[in-house]
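Listed below, chain by chain, are the residues.
2 protein chains.
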Amino acid sequence: MAQTLKDIGERGLIELACSIISKDESFQAIGDDCAFISLGESYLLVSTDMISQQTHLSSGMRPWDIGWFVTAINLSDLAAKGGIPLGILLAYGLPKDMLVSDFKEIVKGADTCATTYKTSIIGGDTKQHPELVITGTSIGIVYKKECMSRRGAKEGDIIAVTGALGKAAGGFLSHKNGKKYESLSGLIHPNPRLSEGRNLAATKKVHCCMDISDGLSSSLYQLQSLNNIGFNIIASDLPLDPVLTSLCINEDEQEEYALYFGGDYELLLCISEESFPELKKAIAPASLTSIGKVTHKRSITIIKDGKTRNLTNKGYEHFLTHPFL
Amino acid sequence: MAQTLKDIGERGLIELACSIISKDESFQAIGDDCAFISLGESYLLVSTDMISQQTHLSSGMRPWDIGWFVTAINLSDLAAKGGIPLGILLAYGLPKDMLVSDFKEIVKGADTCATTYKTSIIGGDTKQHPELVITGTSIGIVYKKECMSRRGAKEGDIIAVTGALGKAAGGFLSHKNGKKYESLSGLIHPNPRLSEGRNLAATKKVHCCMDISDGLSSSLYQLQSLNNIGFNIIASDLPLDPVLTSLCINEDEQEEYALYFGGDYELLLCISEESFPELKKAIAPASLTSIGKVTHKRSITIIKDGKTRNLTNKGYEHFLTHPFL
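Residue numbers (this note's numbering), protein chains in the order written: chain A, 1 to 325; chain B, 1 to 325.
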């Protein structure tokens, strides 16, 4: 039978597209969700992310939240490179029966997110579409010498994460439990780590970095594949979000959400053990937590209560079934 | 009753969004579908355009054509500024039951268009979506001194157009008449005027320029509103596409299509009468045709057989009813 997209999944599709397109030497986009354009001593960073009603938007989200969300996740791609945002473009596909007041709220949410992160909405497009779909494009700039890439992890490195894991899962569980709108925040109001990314990049001590959009496990597998290394994660070191731990009494369940749920938009980085204190200081008051080590062996394992097991390569991936939803 | 998007139309929505977003002095995007970012002596140009099955794609289009189309229309926005493309990003919303072979063809069409115009696909996104939707983002660069804007038309200027009008309408009519795939070309394979735009910009003699995506009339009304001027168009001077004239015997009907159908992606420019010969030479072998004059009076009129009438402000506009489809 002829293959359809659900047979190969999002990452299979990306690999396929990358194998077809003609590469230009000045671009290094492949394997990264941000494109780099060489401009003298800097890279221009450009990244695009599409969201739509069915696959991204929680039923508890209000129009304002949708605008914030699409802007935030696009800025997160710049954060992972240490970039300074230059602007955001938003292309809207909108149902013709949508209320004008709802559209206004989406634009306001997007504008608030952009200005919060010292950038602005500089362009876009509006088109009629049966279902709400919004594509954001973020443009940023970073000195080549400071740019953080997804490649560069070394055996013996620490693997560290900013902030907490499971914020989005905590929001999702609150919503599922019928909790009030405010408790959804971790799911619907991601905060791109722009200043943290910038401060980390300025140290020039980060070996590789990416933002965790589809879950920690999925991100680790992406870094493993790009860097030809492995990871050994310490379960008890995972910085769990307090909302998640308050809602989920079972420890194994907490860990599952932290590893596989996605939507946290924290930065995941590989650094040398010696530079850890300096980097921790560089991003204060945000936290940086060491969660394990980069290994020569290509497997990804997690140690819990003295037992080691392999981490499953699952997480949010389009065209495949979501492990939680 | 509460207003919905179909009550205000695409241009109403754009105005609304522009009134909400916080403006930054370095950006001049408002009223233009391309954003400008100041980078030393140059502007970085960024433009985004979304297409979807329902609103853009003719039933005669094959997957390869869709890839070409979305890439071409995004490059057209750079052409209108005189920009040199630096790259294209494509964000795909794809049905999970789409054939992998169809996706491959879309990517190949996009790649062929990009390489034809000496640029490349440098990034993107793939997401699951009930209906095919693709958002392109084009990135380009132009010297500030050479950049063509939508503002700058002067009373007494010539209004001129590159190539021919009604190519897309000719393709549409061929398709409607059951003609073979090849005859659809004018509708489904737009050719962005990149080298022509570049050559025009290099003369520094263009007062204002835009690409005609939604029809000549619609574009004239956009220039009128941005420049606070009017136009007097000579019907017999409109350069009509030969496919259109071969399919449409009635002259009034030919004119209707040329004025209102859209999809031609030619450049429309205001220039002084003296510079016309130089600009004509600059874009050869493509043609540049004078179709009328810029007037002080804000009306847009067309002269035919000695009679003057007002041009209707209609054309392809999302959320409203298309005059032809």
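These aren't lab readings, by the way, just hints derived from the structure by calculation.
The model shown is predicted, which means the values in this text are computed figures rather than measured ones.
Take these hints with a grain of salt, some might be off.
Identical chains share a label here; the pair holds if one copy fits it or two copies do between them.
Keeping only pairs whose Cα atoms sit at most 30 angstroms apart, straight-line, the calculated DSSO-like set for lysine-lysine is [stated by the list, open to error]:
#: 1; residue 1: Lys297; residue 2: Lys96
#: 2; residue 1: Lys104; residue 2: Lys23
#: 3; residue 1: Lys23; residue 2: Lys108
#: 4; residue 1: Lys297; residue 2: Lys280
#: 5; residue 1: Lys6; residue 2: Lys118
#: 6; residue 1: Lys108; residue 2: Lys297
#: 7; residue 1: Lys293; residue 2: Lys176
#: 8; residue 1: Lys176; residue 2: Lys307
#: 9; residue 1: Lys6; residue 2: Lys104
#: 10; residue 1: Lys180; residue 2: Lys297
#: 11; residue 1: Lys23; residue 2: Lys96
#: 12; residue 1: Lys118; residue 2: Lys23
Results for each hint:
1. Lys297 / Lys96: Neither, since 54 angstroms and 35 angstroms both go past 30 angstroms.
2. Lys104 / Lys23: Between copies only: 16 angstroms across chains, 40 angstroms inside a chain, cut-off 30 angstroms.
3. Lys23 / Lys108: Cα proximity of Lys23 and Lys108: across copies only (13 angstroms, versus 38 angstroms in one copy).
4. Lys297 / Lys280: Answer is within: at 27 angstroms inside a copy they meet the 30 angstroms cutoff, but 65 angstroms across does not.
5. Lys6 / Lys118: neither (39 angstroms within a copy, 33 angstroms between copies)
6. Lys108 / Lys297: The answer is neither: 48 angstroms in one copy and 37 angstroms across copies each exceed 30 angstroms.
7. Lys293 / Lys176: Cα proximity of Lys293 and Lys176: none, with 35 angstroms in one copy and 64 angstroms across.
8. Lys176 / Lys307: neither (32 angstroms within a copy, 68 angstroms between copies)
9. Lys6 / Lys104: For Lys6 and Lys104, the Cα distance is within 30 angstroms only across copies (14 angstroms; inside one copy 35 angstroms).
10. Lys180 / Lys297: neither (46 angstroms within a copy, 58 angstroms between copies)
11. Lys23 / Lys96: Classified as between: cross-chain Cα gap 27 angstroms, same-chain 39 angstroms, threshold 30 angstroms.
12. Lys118 / Lys23: Between copies only: 12 angstroms across chains, 33 angstroms inside a chain, cut-off 30 angstroms.
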